[in-house]
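**Student:** I would like the entire structure built from these sequences, with the hints used as guidance.
So the sequence lines, in the order shown, correspond to chains A and B.
Per the UniProt record's numbering, the first sequence runs over residues 1 to 349.
Per the UniProt record's numbering, the second sequence runs over residues 1 to 365.
Don't read these hints as lab results, they were simulated from the structure.
There's no promise every hint is true.
[As the list claims (entries may be wrong)] Negatives, chain A to chain B, calculated, CB over 10 angstroms:
#, residue
1, S11
2, D34
3, P89
4, R175
5, D189
6, Q220
7, D252
8, K258
9, E300
10, Q311
11, E312
12, E316
13, L325
14, S331
15, L349
[To be verified] According to the in silico footprint, chain A covers these stretches of chain B (three or more CB under 8 angstroms from chain A):
#, region
16, 172–179
17, 233–239
18, 296–307
19, 342–355
For glycine and all other residues, C-beta sits at the position ideal for the given N, C-alpha and C.
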Amino acid sequence: MSLWVDKYRPSTLSQLDYHQDVSKRLEALASSGDFPHLLVYGPSGAGKKTRVLVLLRELFGAGVEKMKIDVRTFQLNSRKLEFNVVSSPYHLEITPSDLGNNDRVVIQDLLKEVAQTEQVDFSGKHRFKVVVINEAESLSRDAQAALRRTMEKYSKNIRLVLISNTTSNIIAPIRSRTLLIRIASPHVDDIVGVLDTLCTKQQVSIADDRTEVLQRIALQSKRNLRRALLLVEALAMQNETLTKSTPMIELDWESVIKRLARDIYKDRTVSRISQCRTVCYELISHCIPPRIILKTLAFELLHLVQHTKQQEAIIETAAVFDERLSLGTKSIYHLEGFIAKSMVVIETL
Amino acid sequence: MSAGFFGKRQDVSKSLEQTDRQLPWVEKYRPKNLDEVSAQDHAVTVLKKTLESANLPHMLFYGPPGTGKTSTILALTKELYGPHLSKSRVLELNASDERGISIVREKVKNFARLTVSNPSKEDREKYPCPPYKIIILDEADSMTSDAQSALRRTMETYSGVTRFCLICNYITRIIDPLASRCSKFRFRPLDNQDALERLRHIQEQENVSIEDGVLEEVLKIANGDLRKAITLLQSAARLHSTLATAVDEEGDVDATDTADRVTIDSIREIAGSVPKNVLKSLLDAAESKQFQKIFNSVEDAVMEGWSAVEIVNQLHDEIILNDSFTSEQKNKFSRALFETDARLTNGTDEHIQLLNLVTKISEAV
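**Tutor:** Structural data, given as structure tokens:
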């Protein structure tokens, strides 16, 4: 029993439900013999990875789906780094940001190794291997500079596909060497369409006003298709029939943050701050990234406060502390700072 | 060593000729002689003089990327030595893959002190073949200052048989003792007319069918960088030609005419630049001063996947060139833009920063 998200992941270009123009382009790229390096970018849950996998299948056939996971070790100044590589005979998938600042070593060693061996299987359609790099936005500058040379030098044997949430952190030389492909988040209608077909296939019973129910789910997922699919599966498990009044399942951490925001709005005292601190610690220890906490909290506060002045002040504070989060090392200070500062804003303005 | 280096290079270019489509146009249309170098009249006239007198100083080329520095020196060596001799007479080092003091000490010094080889009879008839070698140090500004210091003595000692040509973007990163040993050539950014001619030439040679105004748009995005412009044109052409063939296979003839034309929109999309209507909706929201509207328009922009840095850059152009704002307002805008840009460089969250930027702009409107 696999999750619906994986079960219904499209495996050919024609199965993709939305962004037809992008699909057409990808098809054209796959059918021509000449395949450039790609940089696929867009928000999470928009379908970047799905499209890349589909494209690989189009390029190499079903062989790409025979994937295996290897653990490679790299030597770095007497330290050993372990690194997971997902590979098939035709492609390689890596997430260099797992290694933080040491990503340059991996990029150089691994890519060189792949690039220097040619494709053994001559029956394949293409002579090159594809290396998919996930989370390219968190690659360090050094690693990106190393990529730059590799892309030119070994372009005969490898093609890179970078998957990134944004192009902001990608250095210009790389951007100019790749073909940019933007994947926008699906619109609510797109999501409703996808959910509709999926529910029919899974025989989920939905009350009469089908589109309205699905629309509610789609809205709840904030244009993130993966979230929408997971949500619908969870709802279908818990309820026999989905109706308009079916309570939505909220993620635990989100409801915690929502409550936190309400507390901050209502009660602006020193003792409240120390309570908030415990909550923040709890959230961080549950592996919720501090940036997500800050962002969600800020947006919740924005919805709670009424005056434009306050909203402006809160977003400004959020922007300042957002920067401090990335400059500093201990995130709890900055989260507390943000909470204290927004209390002041709500109190005074 | 140098012969091996260049031998390899030629092999590569030979194999690439067979698969002509894969050769980047930037390489394919590199100027083959000095006359083809466009828009750098000053440098070219001086260099032509040296062709006649066959005496060359050490040279330092500087200027923004994509202005033809490397092309000029390569064209010059071709005219001086011809294809055969240049294998043994020219050493091209790209500082970005092998920099550091050891390279300067070994590779450069060894090459510099070799005596010049004798040109064959044919070469001597066709080319000037002056009695010195040329060492090209590309991207010299990324060499460490130690490596640069190590060059000083080498440059003087072997000046009888070797000339250096340093190429860099920022002349300030070249140490003074080196800069004073060279005659400097500044390469200015290409003005649109020259660049346009070059692009049009390439477009005609490659049979790319385009909409009116596409080349102008390409130049606008490239901002004086001809290499960027050519690469952009090639990506667009490649994408559209493959689109066209895909349509052909389906036997749909009507679509072909429209599909294989490069349009302005597709150029923008490939360059990753944000369309005007997204910018406009952000600015409209800012002007309306309603927070909810701002919030929604920013969320839309982020969800569509537009990069925040690109939005900041283009908002800057849009706002600063708009005459309906007062100087004081523009001051405030600039401040907001600069802060956001700096924060984004620090790796902050795009959504928060963009929202902050637009609210700041709306305060100042």
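**Student:** Now, for every hint given, state plainly whether the structure supports it.
**Tutor:** To see whether the hints hold, each was checked on the structure:
At roughly 20 angstroms from the closest C-beta of chain B, the C-beta of A/S11 stays outside 10 angstroms, upholding its exclusion from the interface. Not every beta carbon of chain B lies more than 10 angstroms from that of A/D34, the smallest distance being close to 6 angstroms; the non-interface claim is violated. Under the 10 angstroms C-beta cut-off, the non-interface status given to A/P89 relative to chain B holds; the minimum distance is some 23 angstroms. Consistency note on A/R175: stated as away from chain B, yet its beta-carbon is not over 10 angstroms from all of that chain's, at 7 angstroms minimum.
No beta-carbon of chain B is positioned within 10 angstroms of the beta-carbon of A/D189; the least distance is around 14 angstroms. The non-interface label for A/Q220 is consistent with chain B: the shortest C-beta to C-beta separation is roughly 15 angstroms, beyond 10 angstroms. A cut-off of 10 angstroms between C-beta atoms confirms that A/D252 is not in contact with chain B; the least separation is 22 angstroms. With a closest Cβ-Cβ approach of about 17 angstroms to chain B, A/K258 is found to remain outside the 10 angstroms limit, as its non-interface label requires.
Separation of A/E300 from chain B is adequate, the least Cβ-Cβ distance of about 13 angstroms exceeding the 10 angstroms criterion. A Cβ of chain B approaches the Cβ of A/Q311 within 10 angstroms, the least distance being about 5 angstroms, so the stated non-interface status is violated. The beta carbon of A/E312 sits about 5 angstroms from the closest Cβ of chain B, which is not more than 10 angstroms, so the claim that it is off the interface is violated. The non-interface label for A/E316 is inconsistent with chain B: the shortest C-beta to C-beta separation is roughly 6 angstroms, within 10 angstroms.
Distance check for A/L325 against chain B: the nearest CB is about 8 angstroms away, which does not clear 10 angstroms, and the non-interface claim fails. No beta-carbon of chain B is positioned within 10 angstroms of the beta-carbon of A/S331; the least distance is around 13 angstroms. With a least beta-carbon separation of about 13 angstroms from chain B, A/L349 lies farther than 10 angstroms from that chain, consistent with its non-interface assignment. Here the region 172–179 of chain B counts 0 residues with a CB under 8 angstroms from a CB of chain A, which misses the bar of 3, and the coverage is violated.
A stretch counts as covered by a chain when three or more of its residues have a beta carbon under 8 angstroms from one of that chain; for the region 233–239 of chain B and chain A the count is 3, and the coverage holds. Against chain A, the region 296–307 of chain B contributes 6 residues with a C-beta closer than 8 angstroms to a partner C-beta. That satisfies the three-residue criterion, and the hint holds. Note: the region 342–355 of chain B has 11 residues with beta-carbon separation from chain A under 8 angstroms; the three-residue rule is met and the coverage holds.
Hint compliance for this structure: hints 2, 4, 10, 11, 12, 13, 16 are broken, all remaining hints hold.
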